[in-house]
Amino acid sequence: MGAELIVLDGVTRRYGAASPVVALRGANLRVCSGEWLAIVGPSGSGKSTLLNIIGCLDRPDGGTYHFDGIDVAALSDRQRAGLRSRRLGFVFQAFHLLAHRTVAENVMLAEVYGLRPRAGRRERALAALAAMGLGDRADYLPTRLSGGERQRVAIARSLVNEPALLLCDEPTGNLDSQTTATILEILGDLHDRGLTIVTITHEPEVAARAQRRVRIVDGELRGAA
Amino acid sequence: MISVISLRRSDTAPADDGVPPAGMTARDLLDEAVAGLFARPGRTLLTVLGTVIGLGALVATLGLSLTASNRIVGRFDELSATQITITVNPAESGPAREVPWDAPERLGRLNGVVAAGNLSEIDVGDALVSASPINDPQRRTEFKLGVVAASPELFTAVRARLRTGRLLDDGLSARAEPVVVLGPNAATQLGIGRVDHLPTISIGEERFTVIGILDGVERRFDLLSAVIVTEGTARSLYQVRSPTSVIVDTELGAAPLLAQQSPLALDPTDPAGFQIASPEQPQRVREAVRGDLDVLFLMLGGVSLLVGAIGIANVTLVSVMERVGEIGLRRALGATRRHIAMQFLLESAAMGVLGGILGASGGLLVVVGVSLHQTWTPVVHPAVPLLAPLVGGIIGLLAGLYPALRAARLEPVEALRAGT
Chain G
1 MGAELIVLDG VTRRYGAASP VVALRGANLR VCSGEWLAIV GPSGSGKSTL LNIIGCLDRP
61 DGGTYHFDGI DVAALSDRQR AGLRSRRLGF VFQAFHLLAH RTVAENVMLA EVYGLRPRAG
121 RRERALAALA AMGLGDRADY LPTRLSGGER QRVAIARSLV NEPALLLCDE PTGNLDSQTT
181 ATILEILGDL HDRGLTIVTI THEPEVAARA QRRVRIVDGE LRGAA
Chain W
1 MISVISLRRS DTAPADDGVP PAGMTARDLL DEAVAGLFAR PGRTLLTVLG TVIGLGALVA
61 TLGLSLTASN RIVGRFDELS ATQITITVNP AESGPAREVP WDAPERLGRL NGVVAAGNLS
121 EIDVGDALVS ASPINDPQRR TEFKLGVVAA SPELFTAVRA RLRTGRLLDD GLSARAEPVV
181 VLGPNAATQL GIGRVDHLPT ISIGEERFTV IGILDGVERR FDLLSAVIVT EGTARSLYQV
241 RSPTSVIVDT ELGAAPLLAQ QSPLALDPTD PAGFQIASPE QPQRVREAVR GDLDVLFLML
301 GGVSLLVGAI GIANVTLVSV MERVGEIGLR RALGATRRHI AMQFLLESAA MGVLGGILGA
361 SGGLLVVVGV SLHQTWTPVV HPAVPLLAPL VGGIIGLLAG LYPALRAARL EPVEALRAGT
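Residue numbers (our numbering), protein chains in the order written: chain G, 1 to 225; chain W, 1 to 420.
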């Protein structure tokens, strides 16, 4: 087991000022480098709040969050954005591919906000696509691809910046069981090669593939280390 | 990499622990905005239509007014630069001076004279002009019309066009034949349209044969409503002692010199007895009319610009709502709120610039088309078509402010969960 990549200490997040709703109360979580963790819970349990915070899209109200030793709460907005673009990869249930841009352009988009040079951008995108077995789809529009192919494009996009953490939000929510198996295969493969993965899901089948599972119910993490 | 460094927010305000901020090159920002614009080209074109019409109307109005004023001035210059009118100087006291009957011949010898013709106003007293020998009580048949005598060269000098029949000549004048040429308005009033059946008119008690009808003149518009007799008739019948004025059509640029030479040619002993005149300038009146029209069209252009701006704001707002997922994705990929706002601002500004370019092109086409139809020379201030895209861009920028702020304010995870 590697070093601790994610360390949450008593992280709390409330919404609203007058009568605040507590979305996350005192969450403690440790994820080591190279680990595959599944966060399981029903909808409304605080999963998206947790995703928000782990993904550096939001700051906790209380407690601390260290990502790779960096206190995320102390960073400026632009620095957190920089962290997202360089160290984090996101995969979403709805794929979020831009319908009017080609597959290759969609993957290239990942480099836009990290100030990476334009030179070689397309080559890096093509390499990432080839690794997902989509080398021949580079100039297609996403609308011509199947759901599984679209999710593989999204995974290619998330890997272009060689992130330290892959954050998957219901990655197979829109896919049939056969395609789900393919995607899980790919995630397993990435994990075998040492990538840290956090999957948020409510599907037991997906959670079962992870090394470790924690449950979140009513804003509280259970079974977390 | 064990977490040993723990910088609290209170420790150092901007955490400088080696985390480089997100950023975006101007080139990438432009690429993203343009790509957003061309994602739905049809909608983009419809969106900029209001701006196109508004800026097109403005460019066309400014261009057309400049073209029209240039035309008026140009036409006036051409006519006035080639005309001089010579009359007796009334201020000069002493023995009564007269314009000589042979003035056309004397002036014709000067260099630069195209044609010079005498015009003599004839006082016919209360005599009315009539085409009908019968006094019809139902209809007015007698009219008060101006009667003038013209030397044959006058018709060339005023650039008269003949509708039908023939003009006066030296022979008719020498014999003092009772013939007349009618101006077109006079002919219409008298009900004479043809001369092949030798119609006659009477001026008072005197009877004349109509031998020709003019179609139009370019100077001395009083001739349009005049009855024109020969100089011989004027002398013998009406005891006219001398022509009232000499109209000279000169070559372009010769008028100033001829204005100095003509009095000498007419009377070498007393050139100061003549007065040289150019026609009154009609410019100011027309300009006032034009100014009113301009204001109307500029206001119309302004209103369409406003509508265009609202259109851009509206569609950009709809587009923000539609692209919630994209906004969330961009945030996840490292975009800050500022990046999102800049992208949408740039998209709406680019729409405005596009509208400006299309509008300026359309406006110029209108100016050229109207000029072509009217055989004018199209004149447009060079800054007008160049400023149009700039104005369009500013309008787009202003229209995009609110939608861009809405886009920047979206919470990324909710945006991502909202759907595609």
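It is worth saying that the hints were derived from the structure and are not from the lab. Beta carbons: idealized from backbone N, C-alpha and C, even for Gly. Some hints here could point you the wrong way.
[Stated by the list, open to error] Partial list, derived from the structure: chain W residues whose beta carbon lies under 10 Å from chain G:
no.: 1; residue: Gly23
no.: 2; residue: Phe38
no.: 3; residue: Asp169
So, going through the hints one by one against the coordinates:
At a threshold of 10 Å, the smallest CB-CB gap from Gly23 of chain W to chain G is about 4 Å, leaving the interface hint in force. Interface hint status for Phe38 of chain W: upheld, as the beta-carbon distance to the closest one in chain G is roughly 8 Å, under 10 Å. A least Cβ separation of about 81 Å between Asp169 of chain W and chain G goes past the 10 Å threshold, and the interface hint is therefore violated.
In terms of the numbered hints stated before, the structure departs from hint 3 and from no other.
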